[in-house]
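**Q** Chains as they are written, first to last, in full-length UniProt numbering: chain F, 1 to 196; chain R, 1 to 196.
Keep in mind that the hints were calculated from the coordinates and are not lab data.
Treat each hint with caution, since some may be false.
Repeated chains share a single entry, so a pair holds when one copy, or any two copies, can fit it.
[Stated by the list, open to error] The calculated EDC-like cross-link candidates involving lysine to aspartate or glutamate, where the alpha carbons are at most 20 Å apart (straight line), are: (1) K25 x D79; (2) K25 x D90; (3) K193 x D132; (4) K25 x D144; (5) K169 x D128; (6) K25 x D35; (7) K193 x E74; (8) K169 x D79; (9) K169 x D191; (10) K169 x E77; (11) K169 x E89; (12) K193 x D90; (13) K25 x E172; (14) K193 x E165; (15) K25 x E89; (16) K193 x D128.
This one's a predicted model, so the numbers in the text were calculated from it and none came from an experiment.
One-letter residues, chain by chain:
There are 2 protein chains.
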Amino acid sequence: MSTNTIEASSPKRPPTPRNGVDTPKLFATIAVVADQPSLAEFRFRAQGRWMGGTHSRTTISGFYGVGGEMRHVEAIEADSDHPSVLCGEDRGPTPVEWLLHALAGCLTAGIANIAAARGVSLGSVACDVEGDMDLRGILGLSRDVRNGFRAIQVRFRVTGDAPAETLRKIVEQSRARSAVFDVLTNGVPVDIKMNS
Amino acid sequence: MSTNTIEASSPKRPPTPRNGVDTPKLFATIAVVADQPSLAEFRFRAQGRWMGGTHSRTTISGFYGVGGEMRHVEAIEADSDHPSVLCGEDRGPTPVEWLLHALAGCLTAGIANIAAARGVSLGSVACDVEGDMDLRGILGLSRDVRNGFRAIQVRFRVTGDAPAETLRKIVEQSRARSAVFDVLTNGVPVDIKMNS
């Protein structure tokens, strides 16, 4: 069994469920994937459709993983729009705010998993995520300004039955294994085509 | 008035509302920001909180922009979770699916704005977004596998009162001015701290 990701503080102590995380199942899942790497291949999906103006709606319902097609318990629809000051009708968060949401969700899930694996019971986890942007980029008003965020900052408040330094190391390990943090900081190739 | 972003096909023809986009307001907004670049400074925000296990909830309610604090018409709450096969309870999309949602929303809004500015009336815009990921990264099973997506692909279907080549150029210009595309492909510095 691999414990190199979640680094249980004492590998000899059997993991127990904690923080709402089924820690034994998590360890067992890692062991199964270690034996059969093809199970680790996932393809996540979202279907978008234009609703009018800058308003669009996305459906997230299924994905490919662990060797087959999977369905979410419930398909989710979520809206994006521009606010009034950007000539939208504010029928949902802006797309860039959804990026901040994704980051918060990924880091928070990692904190819960890693704390459980390390035998730390959490009391609460909260975060403020902020992203700074100069809109002259997307408005085409300056060649020196990028389209996206120039910086994102995340501030966590975490309570649990461990010293602050232990909690801080859990946050750091969540960052080190976060899929969203990796994509946002390192980038990923995005191929866009229009079917004719 | 600057038209360098949205490249109206005929700058001499006054822009008219189209596709649900208030095109005159959009051009006027760009002109105002060109005169007062400080209005372009935005700070977007999301507040996350842990709900138990890998489930978290984000609130998106306000942002800073055009020189002051702004509120969305409605605060939005959105959930993230891991699916059952990843030891979660599937109480919401995964954080990485939210990234795909953000990309769909940003590119679709751009298509509507740019089509309006170019005098093209859209019939429909839809897209499929997919992201491929090898979970051995986040599970810590391979040093050669990254945590995040290795590739994302977006396929658009667009109808409107213009030839396919014109529609394709609108999609391309949306990509060229997309904040989310920029962040996902080029990356952004992300600073994470825990307040003690």
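**Q** Could you figure out if K25 and D79 sit no more than 20 Å apart (CA to CA) within one copy, between two copies, both or neither?
**A** neither (34 Å within a copy, 23 Å between copies)
**Q** Checking K169 and E89: alpha-carbon separation at most 20 Å within a copy, between copies, both or neither?
**A** Classified as neither; 42 Å inside a copy, 25 Å across copies.
**Q** At most 20 Å between C-alpha atoms: does K169 with D191 qualify within a copy, between copies, both, or neither?
**A** This pair counts as between: shortest inter-copy Cα distance 15 Å, intra-copy 36 Å.
**Q** Please work out whether the CA atoms of K25 and D144 approach to 20 Å or closer within one copy, between two copies, in both situations, or in neither?
**A** neither (50 Å within a copy, 25 Å between copies)
**Q** Tell me, please, which holds for K25 and D90 at an alpha-carbon limit of 20 Å: within, between, both or neither?
**A** Only across copies: K25 and D90 sit 15 Å apart there, 42 Å inside one copy, limit 20 Å.
**Q** Is it within a copy, between copies, both, or neither that the alpha carbon of K193 lies no farther than 20 Å from that of E74?
**A** neither (29 Å within a copy, 33 Å between copies)
**Q** Up to 20 Å between alpha-carbons, please classify K25 paired with E89: within, between, both or neither.
**A** between (45 Å within a copy, 13 Å between copies)
**Q** Could you figure out if K169 and D128 sit no more than 20 Å apart (CA to CA) within one copy, between two copies, both or neither?
**A** within (19 Å within a copy, 38 Å between copies)
**Q** Is it within a copy, between copies, both, or neither that the alpha carbon of K193 lies no farther than 20 Å from that of D132?
**A** between (29 Å within a copy, 17 Å between copies)
**Q** Checking K169 and D79: alpha-carbon separation at most 20 Å within a copy, between copies, both or neither?
**A** neither (35 Å within a copy, 25 Å between copies)
**Q** Taking 20 Å as the upper bound on the Cα-Cα distance, should K25 and E172 be classified as within, between, both, or neither?
**A** neither (23 Å within a copy, 45 Å between copies)
**Q** With 20 Å as the alpha-carbon cut-off, assign the pair K169 and E77 to within, between, both or neither.
**A** neither (35 Å within a copy, 28 Å between copies)
The structure fails hints 1, 4, 7, 8, 10, 11, 12, 13 (numbered hints given earlier, in ascending order).
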